Structures are given as C-alpha cells and as structure tokens.
Amino acid sequence: KAGVTQTPRYLIKTRGQQVTLSCSPISGHRSVSWYQQTPGQGLQFLFEYFSETQRNKGNFPGRFSGRQFSNSRSEMNVSTLELGDSALYLCASSLWQGVGEKLFFGSGTQLSVL
Amino acid sequence: GENVEQHPSTLSVQEGDSAVIKCTYSDSASNYFPWYKQELGKRPQLIIDIRSNVGEKKDQRIAVTLNKTAKHFSLHITETQPEDSAVYFCAASKDTGNQFYFGTGTSLTVIP
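Line by line, the protein sequences are chains A and B.
If you're matching positions, the first sequence starts at 1 in the numbering used here and goes up one per residue.
If you're matching positions, the second sequence starts at 1 in the numbering used here and goes up one per residue.
Think of the hints as simulated: they come from the structure by calculation, not from any bench.
Please read all numbers here as calculations on a predicted model, not as lab measurements.
Beta carbons are placed, not taken as given, at the ideal position from N, Cα and C, and that holds for glycine.
Everything hinted at is true.
With a Cα cut of at most 30 Å, we get these calculated DSS-like pairs of lysine-lysine: (1) A:102 / B:57; (2) A:102 / B:94; (3) B:58 / B:22; (4) A:57 / B:42; (5) B:71 / B:58; (6) B:37 / B:22; (7) A:57 / B:71.
Short, incomplete list of chain A residues facing chain B, as computed with Cβ under 7 Å: (8) 31; (9) 45; (10) 100; (11) 101; (12) 105; (13) 107.
Excised from the complex, chain A in its bound form (with noise of 0.2 Å):
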C-alpha cells in the first residue's frame, strides 16, 4: 500500500498570503489529522477528519481550517500567514491497531513565511 502522501514538498510565502496543502491518505483510512512540528514546540494538533466530517480541533486560531472529501483526501489552508507559522506541517491518517489508533505520518509540508 502507498503512504500518506502531501504535496507540495516545500513552500515559501511572504507574510499576509495564503496557503493550501494537500494530504492523500493510505487507501482504507477514513481518520486524517494534521499537525504542527516546529522545533522545541514538538507536534501540536490542528485539527481531525472523519468522514468528511471535522471530528476534533487543536487550539489554533481560526486562519487555520481545513476539509475533508469524500475520497478521504483532506486539505489544509492558512490565511493570513504570519512570520510564527513557519514549521513542519504533517498529516496523518490512522488505522486502529486493537490497542490504539496508530498514525501513520506523510513526509510533511515544510512552510517558510518571510
């Protein structure tokens, strides 16, 4: 099976713009999170879909929203870009494993805002 693939690999955006990343499931899993990596901050949550539907929501401010289709692939966008979003931008999608939900993690959307 492929993995959790996102696309674009890497952005640069200058402040006050907007940004759409993308998130393909593995085939079969219905849950896609995202999260935010930066440096000494770890991972934070942003948001969970299900079903298309947005299941959970971290503490970020509204610029950040984001959806799901009905193919399970999900969407990230970010108005307004500040200097502070700068990070790695992961998602994942999960499979529960008979103990837990396991998230399996794509490669990341790395966004630098200038």
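Use these hints to put chain B onto chain A, whose structure you have.
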C-alpha cells in the same frame, strides 16, 4: 485540556547502555500512550504503545511502563545501538477521536 511533559530534551548515552525517557500527563481520562521515533529528516513512526489497563509492555529492546496513579509513563531502551539515535516523542490520547497530545521530544544520541 491535556498537557504532556517530556524529559529530558536531550540524552546522550554510550552504545550498549540503557536510555530512559519520561513523560507525565495531566488528564486522568487519557487511556492510550504511544511512543513515536523520528529519525533525522524522516516522518515519525510508532515504535511501541500501551493502554491504561496495562502497567508494562515490552518489545525486544524497548519497553514502556505506565503509572496511572502518578500519571507518568516511561520509555526504556536497553543495549542501545547507533541506529537508536533519533528524536522520541511520547503522546497521550482518549477514545474520543484521534486527538493526540505530544511531548516536546527527546533527542537521543548513541555514541559508538
């Protein structure tokens, strides 16, 4: 909400020695505690996990222990090897959707 703290932030050990990474959590409703390993430039991958109804779990050289009363859990790596060098993240979640709270990571260096 849940708060997961992880210590130490960096750890260096000699090859063959043991390494221990500790995490604490705040929400007593959390019941699933995975550990992820992220090698340089790569994506995080699950290496071991434990549920709140179990106190210890072992998989070859790695083990995880959980103390529900004290709300802390630890990762133990024995007989460390250079390929164990990576950043390790602990996490906590509840059975209400896939919302994971991660620690800030421990950068482990195994010195040959």
